[in-house]
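Let's have the full structure, built from the sequences with the hints guiding it.
Protein chains: 4
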Amino acid sequence: MRIGVIGTSRCSKKIAKIAYEVGKEIAKRKAVLICGGLGGVMEKAARGAKKNKGLTIGILPGFSSSDANPYIDIPIVTGMDHGRNIIVVRSCDAIIAIGGREGTLSEIAFALKLRIPLIGIESWKIEGVIRARDAKDAVKKAFQALKKEKKIVRCT
Amino acid sequence: MRIGVIGTSRCSKKIAKIAYEVGKEIAKRKAVLICGGLGGVMEKAARGAKKNKGLTIGILPGFSSSDANPYIDIPIVTGMDHGRNIIVVRSCDAIIAIGGREGTLSEIAFALKLRIPLIGIESWKIEGVIRARDAKDAVKKAFQALKKEKKIVRCT
Amino acid sequence: MRIGVIGTSRCSKKIAKIAYEVGKEIAKRKAVLICGGLGGVMEKAARGAKKNKGLTIGILPGFSSSDANPYIDIPIVTGMDHGRNIIVVRSCDAIIAIGGREGTLSEIAFALKLRIPLIGIESWKIEGVIRARDAKDAVKKAFQALKKEKKIVRCT
Amino acid sequence: MRIGVIGTSRCSKKIAKIAYEVGKEIAKRKAVLICGGLGGVMEKAARGAKKNKGLTIGILPGFSSSDANPYIDIPIVTGMDHGRNIIVVRSCDAIIAIGGREGTLSEIAFALKLRIPLIGIESWKIEGVIRARDAKDAVKKAFQALKKEKKIVRCT
Chain R
29 MRIGVIGTSR CSKKIAKIAY EVGKEIAKRK AVLICGGLGG VMEKAARGAK
79 KNKGLTIGIL PGFSSSDANP YIDIPIVTGM DHGRNIIVVR SCDAIIAIGG
129 REGTLSEIAF ALKLRIPLIG IESWKIEGVI RARDAKDAVK KAFQALKKEK
179 KIVRCT
Chain W
29 MRIGVIGTSR CSKKIAKIAY EVGKEIAKRK AVLICGGLGG VMEKAARGAK
79 KNKGLTIGIL PGFSSSDANP YIDIPIVTGM DHGRNIIVVR SCDAIIAIGG
129 REGTLSEIAF ALKLRIPLIG IESWKIEGVI RARDAKDAVK KAFQALKKEK
179 KIVRCT
Chain Y
29 MRIGVIGTSR CSKKIAKIAY EVGKEIAKRK AVLICGGLGG VMEKAARGAK
79 KNKGLTIGIL PGFSSSDANP YIDIPIVTGM DHGRNIIVVR SCDAIIAIGG
129 REGTLSEIAF ALKLRIPLIG IESWKIEGVI RARDAKDAVK KAFQALKKEK
179 KIVRCT
Chain G
29 MRIGVIGTSR CSKKIAKIAY EVGKEIAKRK AVLICGGLGG VMEKAARGAK
79 KNKGLTIGIL PGFSSSDANP YIDIPIVTGM DHGRNIIVVR SCDAIIAIGG
129 REGTLSEIAF ALKLRIPLIG IESWKIEGVI RARDAKDAVK KAFQALKKEK
179 KIVRCT
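Chains as they are written, first to last, in the working numbering: chain R, 29 to 184; chain W, 29 to 184; chain Y, 29 to 184; chain G, 29 to 184.
These aren't lab readings, by the way, just hints derived from the structure by calculation. Not one of these hints is a red herring.
Same chains, same names: a pair is fine if it fits in one copy or spans any two.
Below, simulated BS3-like cross-link-like pairs (lysine-lysine); rule was C-alpha separation at most 25 Å, straight line:
no., residue 1, residue 2
1, K58, K79
2, K56, K42
3, K168, K56
4, K153, K164
5, K58, K78
6, K58, K81
7, K81, K42
8, K81, K56
9, K56, K78
10, K164, K58
11, K169, K42
12, K79, K41
13, K41, K78
And the structure:
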């Protein structure tokens, strides 16, 4: 299973701690962590996963694998800037949004559109977002909500 | 000037009428209309522009120019499905959201992120969205807000 | 009809002259010219079209419409770097390659893959490329070869 | 290190055998195998890697992770059809082309453009492609040529 973690590239200590715990829980459940590969929430979550023997994928916006934070095992280099957000979303079976601003909102919107379960902690309050109270609760809810049927939603 | 119009591919009569009026006003002001090229809000706005001698661009999600609605002069064929949303946003100097669901929300999020002025009519109430009361008011506000400085916001 | 012109962003005087003539012939036949929007072959072809009352579209790799050469009417801003090459190709009914290096080769390959007619002048000698001896011959052959059936080739 | 393997989704027995051997050699050298995730060369190479305890990434063109062949550990779901080819290329430190038609040619062109070492076995004879005589020779040459300097080539 592949669980995405989305959020800003700079974040408060409180959000960083949640991101670390989310990454840790994902790794403990043997799921692969997918994120945007940069700093902040992405880095903290990847660190939490790596410290617990997880596997981490970073879908990068830029032109070089060296943009990835030090806890990314596999950098995917898109060269598409924010255009890569939809690839992060499409590649996950469930997604956890931690905090987040406009970039995160674009990913939440894509997840809702594509019917990929989206759990939010201290994040955007949009209809369809499953709210969690802490890291453990979020990962638990992500696993409960895992996209089961492979119904594909196309742009029409 | 290039003004984007975003919204769902199916819409109520009320939203359709607003979209037509927005397209008309854009054409009367000699701006180019950019949209996603499909039905609903996109088609009504393009029709309003064409009936008033405007030029219309449709940035399509699929694989064929024949997906475009009949009021699109120039179809751009991306083959990227919803991934084309960010190209719609990047190509505009200002954007008007009319109604809209998750797809529209992803475009609103990108516009806010990239600091492209975003006017909303009966649309998502997100901080940063400039609200308008009707079609004329929206187009007027779009022209007032036109992206002036060419400050580029990169994904970091 | 939409005719693409592809080639390098820097070119010899000889290639520049051919590109100008190709743009001129496209405009005289009332077709829309689509290109990558930058300098060299793209700029010369767009200039040839504009001097003959044509309409020009530039599908840009970067983040700003101001990257477009001065002869582009409609800049499409992709933010996808070379990733935009396939959008140039998909959006055309026929394409003319003038000279060209690796970037052009990627576009030729996509055109062949997607069964979009590809005319080459002093360009890559790849099976499937229709060779032309000069600008007039190239545009004539492009119109003769215009993609007729809208058969869509998907990646399988 | 990440080594890409590119080629067609249907292939001869001879090419299939080479692809399997290439995948095997990549895994034995502890490199990650990246490919387009579908059948033919991509599947045979992934199978060769998996049978030798390698890790495999499939960068898919479609909308579902279930499009991946059975030997892909991590599917990346782009929804970009052939537009994903450049992401395959950008994500590798070196690439091995085995046979191949137009889709492969687009990837070879991008690799040459982006200065990513490209080794060819029974593939396109384009200037800049390093030719190998068999699977072992190809993987050896890929490791010798590994992109050392992280010079980034931008579209200009």
